[in-house]
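Asker: Chains A and B supply the protein sequences, listed in that same order. Quick note on our numbering: the first sequence kicks off at 1 and runs consecutively. Quick note on our numbering: the second sequence kicks off at 1 and runs consecutively.
Simulated from the structure, these hints should not be mistaken for lab results. Beta carbons are placed, not taken as given, at the ideal position from N, Cα and C, and that holds for glycine. A couple of the hints might just be wrong.
[Said to hold, decoys possible] Reference excerpt, derived from the structure (chain A facing chain B, CB under 7 Å, subset only):
| hint | residue |
| --- | --- |
| 1 | E44 |
| 2 | E48 |
| 3 | T260 |
[Said to hold, decoys possible] Reference listing, derived: stretches of chain A covered by chain B, where coverage requires no fewer than 3 residues with Cβ under 8 Å from a Cβ of chain B:
| hint | stretch |
| --- | --- |
| 4 | 56 to 66 |
| 5 | 204 to 212 |
[Claimed, not checked] To be clear about the criterion: a stretch of chain B counts as covered by chain A if any three or more of its residues have a C-beta under 8 Å from a C-beta of chain A, and this derived list gives those stretches:
| hint | stretch |
| --- | --- |
| 6 | 146 to 154 |
| 7 | 208 to 219 |
| 8 | 376 to 382 |
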Amino acid sequence: MSFVKLTASALTLAAVSATAAIARDQVQVAGSSTVLPYASIVAEAFGENFDFPTPVVESGGSSAGLKRFCEGVGEHTIDVANASRAIKEKEIKACAENGVTDIIEVRIGYDGIVFASDINGNGFEYTPTDWFLALSDKILMDGKMVANPHKTWADVNPAFPAQALQAFIPGTKHGTREVFEDKVILAGCEATGAFDVLLATAEGDSDKARHKAAEKACIALRTDGVSVDIDGDYTETLARIESNKDGIGVFGLAFYENNTDKLQVATMSGVVPSTESIATGEYPVSRPLYFYVKQAHIGVIPGLKEYAEFFVADEVAGPDGPLSEYGLVADPELVETQDAVAAEATMGGNS
Amino acid sequence: MSDLSQTPAHPTASHSSLLTQSERTKRRNAAEKRFKAYGATAIALGLAMLLVLVTTIVSRGSGAFQQTFITLNVELLESKLDKNGERNIEDIKRVTTFGYAPLVKTAMQTTVEGLGIETSLKAKQMAGLLSKNAVAQLRAYVLENPHQIGETVEFRFLAQSRVDGYLKGRVSRDSIANDKNISAAQLDLVDTLIEAGVVEKTFNLGFILGADASDQRPEAAGIGVSMLGSLFMMLVVLALALPIGVAASIYLEEFAPKNWITDIIEVNISNLAAVPSIVFGILGLAVFINYMHLPTSAPLVGGLVLTLMTLPTIIISTRAALKAVPPSIRDAALGVGASKMQSVFHHVLPLAAPGILTGTIIGLAQALGETAPLLLIGMVGFIASNAPETIAEGLLSPNSAMPAQIYEWAKRADPAFYERAWGGIIILLVFLVTMNTVAVLLRRRFERRW
């Protein structure tokens, strides 16, 4: 019976291909969607210039990428995790539990986070305080913490137009969210004095615990729909702004620079975001970008070390390379990173 | 019967006439008319939506099939590409694409000067009109033809996405006011180069045949390789789902005893057909990749996952087709001495084949458009592999699929990718419409009614 034969041959084919699949010969990368464009630019150039196959780069967010990275050692796990924030102690522990101990941390450069709105709308000149007053769950009013009553930007700061408050910020699985909380909301919290009030009433056994509790209370954002978490990519944020012209979105600098015909960027503390102002440190909201390499995979997965070295090579990640052309702020300490990658220096310095 | 005319049983009937409508008939006719109008409106609305959808897709996506090219004569300088002059391929390979950038820059400058165009632009800005893909194209050519080093060769390079957008009307001098990728002076140069015939927009075969490209060169991205990925996945689905599905339904329909176990199986098959596809993706990740250690991002795994998804569709349609074959055929076959198996495979199955085929094609079309399960097995992302050369490579080397590629493009920052996403949708729709048409035609051609 032909169907029986066909089934048998199909199953054999599947079995044969499964056994042939033992060796993977391309580098597998996953993680931050902010790092994705840079990683794909490098992967493409790597495939063109080396005899290794082009690495596969997936996105999904820093946390998701690191989670997959920490799943274990072996060809069915990824080799490199991209992250728009440094790996956390918790994640290193989770990694170690699954046998991923030797991790090489590679800092590729810096990226700015910008606040942008519709090109035909109002322009803004923000300070972190404005954002705290606009989005925080509770703000300081007459010495007391009260639920945030602000409805328009004019309520927040009389210098602003009376435009309805609407912000599209990255969801919690994005590394960008943490930077936003740290450098904008928390900074605003401290500047308005709300932090001190929260610290005075914070509960905890030690100073450190109280400090942490106050910080956590600071970054609690209002949940009445004014602040919308975007779990997808910046394209989703852009689409939201296009449909709601009052919206202000949080973007990566590179994304904004590719969409200058649709977006206008706001200044932060009086500084216009650009690769230059981020490199000099004038623009306050920036963060380093990383990727993490499993040392155990070097020598097993062909091209992994070459990929890592190529990523941080002068002609790629340097100030005149394609990455900074796309919007990455080159790392002034790139040489040290190159040396560390060449020496396969793992985190914790045990190599 | 004589008293019928004197005292009618139905007084209303005597007043009614075929020529004048009674109140009640009028109401009933009006209700029918209204219902017809509702139906017609619904269909008209549906058609209008379809029209809007198709025009949007075509108007936004057709641009992807055309691309702007710049023709340049490039001198392949020996001093840059092969310093030893030995034409040793290893030596030539050592020059990376970054080493080719000066050649392209010089070529652009000589072309502009050769045409006698006055411009204030520097050589680097002139070369900025070209795609970043130009150096890769040049290096690939030199590695293939090392004997041509030292000669001047004519190349057709892609123009960068902003220039391409300018020729397609997507980019204007207003929209680039804040753009650091291109300046108004560069667009002026493009205008003069168009007149000189150096810059031209032609049909873009690269989009249909090419591989994905990184965020910096949307102009070089193509859907061809992911099309192959989809093809290999469909092969796996066909090779596994069709025989398994047909065998399962033949057994269930013709051989299996009717008891509570088969009832439970039946209910569960219908349930499986309704399970969201992402669930199959999670299953595929757990079983095929984490447990069986099959490679990630491989069309084989994608095919296996989609097989699970398509099986219920195929089983349900096959069982319906088998049921439609009248019992008299079976009885006749059994009556002349055929065994149960002979009656099924010689008589019932051939008669049910058109129905099975239609169900399979529709199942495949459904699987072809599926993205969600692929998300979890690593087939969505930047996967710019070359076209596979062997079947094993096609099944195992990382690849994307058409819907996954479209999703990936729609996420990217550069608006030029957006156009390509719509272009990809056109190609995907062409495939789906073709498959569904084939299914309908097969049914029309071979279906038998009893």
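Asker: Against each hint, give a clear statement of whether it holds in the structure.
Answerer: Each hint tested on the structure:
{"no.": "1", "hint": "E44", "verdict": "4 Å, holds"}
{"no.": "2", "hint": "E48", "verdict": "5 Å, holds"}
{"no.": "3", "hint": "T260", "verdict": "4 Å, holds"}
{"no.": "4", "hint": "56 to 66", "verdict": "holds (count 4)"}
{"no.": "5", "hint": "204 to 212", "verdict": "violated (count 0)"}
{"no.": "6", "hint": "146 to 154", "verdict": "violated (count 0)"}
{"no.": "7", "hint": "208 to 219", "verdict": "holds (count 5)"}
{"no.": "8", "hint": "376 to 382", "verdict": "holds (count 4)"}
In this structure, the hints that do not hold are numbers 5 and 6, in rising order.
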